[in-house]
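Participant: Just so you know, the sequences run in chain order A and B.
The numbering of the first sequence is our numbering, which starts it at -6 and goes up by one.
The numbering of the second sequence is our numbering, which starts it at -6 and goes up by one.
Below, in silico cross-link-like pairs of lysine-lysine (DSS-like), each with a Cα-Cα straight-line distance of 30 angstroms or less:
| id | chain 1 | residue 1 | chain 2 | residue 2 |
| --- | --- | --- | --- | --- |
| 1 | B | K(-4) | A | K60 |
| 2 | A | K(-1) | B | K60 |
| 3 | B | K(-1) | A | K60 |
| 4 | A | K167 | B | K167 |
These aren't lab readings, by the way, just hints derived from the structure by calculation.
2 protein chains.
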Amino acid sequence: MAKEKKLSSKVVYEGRAFRIRMDTVQKSSGQSALRDVLERSDCIAVVAVDAEDNVLLERQFRTAAGKELLEIPAGGIDPGEDPETAVKREMREETGYFPQKVTRLGGFYASPGYSTEYLYLFLATDLTPSQLFAEDTDEIELVRVPVSKIRRLILSGEIDDAKSIAGLLMYLEKIKAPGS
Amino acid sequence: MAKEKKLSSKVVYEGRAFRIRMDTVQKSSGQSALRDVLERSDCIAVVAVDAEDNVLLERQFRTAAGKELLEIPAGGIDPGEDPETAVKREMREETGYFPQKVTRLGGFYASPGYSTEYLYLFLATDLTPSQLFAEDTDEIELVRVPVSKIRRLILSGEIDDAKSIAGLLMYLEKIKAPGS
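With the rest of the complex left out, here is chain A (with noise of 0.2 angstroms):
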């Protein structure tokens, strides 16, 4: 097992929200492999609890899955955009609040499998309402849940989203020992 050399890579699809490209590698073994990768920037998602300790999620039909679903928020982060910037811009854009604090929780690679796409994880609190500015979020609908009962929610299949899932059950974890 070790690093593979990649050989040549080439664009064959440019979308709006991903392109994908083909490389050519070289295996450790010598063999060649022909990969497929979705590049994507890097996106933000956020486990965001107000002061009464609710968490907010938001429910919107998903194309892809061809469903609803109960996600935390979350969203790519635009050129020369830091992670927290694009955060609080999210947020406002998503949820209609502002977080005044906004720490790291950790982060994650969404499908490494094929996709380039790293989430980095942030806890927003200190929650202060602000105006809905953004055009592509009137299919959204914010849910807001007691964090007593996330973790049901999560092993009952109603949050059913793998980032949702990392992410609340990382948060989870931390409060329970927060010096970890």
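Model the placement of chain B on the given structure of chain A, informed by the hints.
Facilitator: Then chain B, alone, in the frame of chain A:
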């Protein structure tokens, strides 16, 4: 917030592990929008625990991430295959162990913003050694980690793959309270 209506759909890229289609949809507001959707077969992901309470993880170089990641075993479900059979096949192919017992833990969408991929999450136990017979697993290093150390590997960022974090923390939640 409501279901979108699909107006048209066409395949714009056909790759090895996925294909890309572009949908034209009508949102509940009446506006139309374009959606790039990555189509991929459903997958399984496995929390595999041996008799000594070690979790079986895989370390491998991921082209899309550009680095080695530590992940739970996972893979696509073949056409006509049921998820349990895929778990047993992938376990033999990737770890060299055959699980005598396979139970469902849950499931989640990998990246519902653009990908159809749904992962069925299973717990695999009663592992018996089995001959490795897959072609493409020479690059995978099997790593055994005591269950008691999993939480630390996640919170420290050493495990930074969404499906692995979601799957392992769901498993830890389940064993804490088996009835839920």
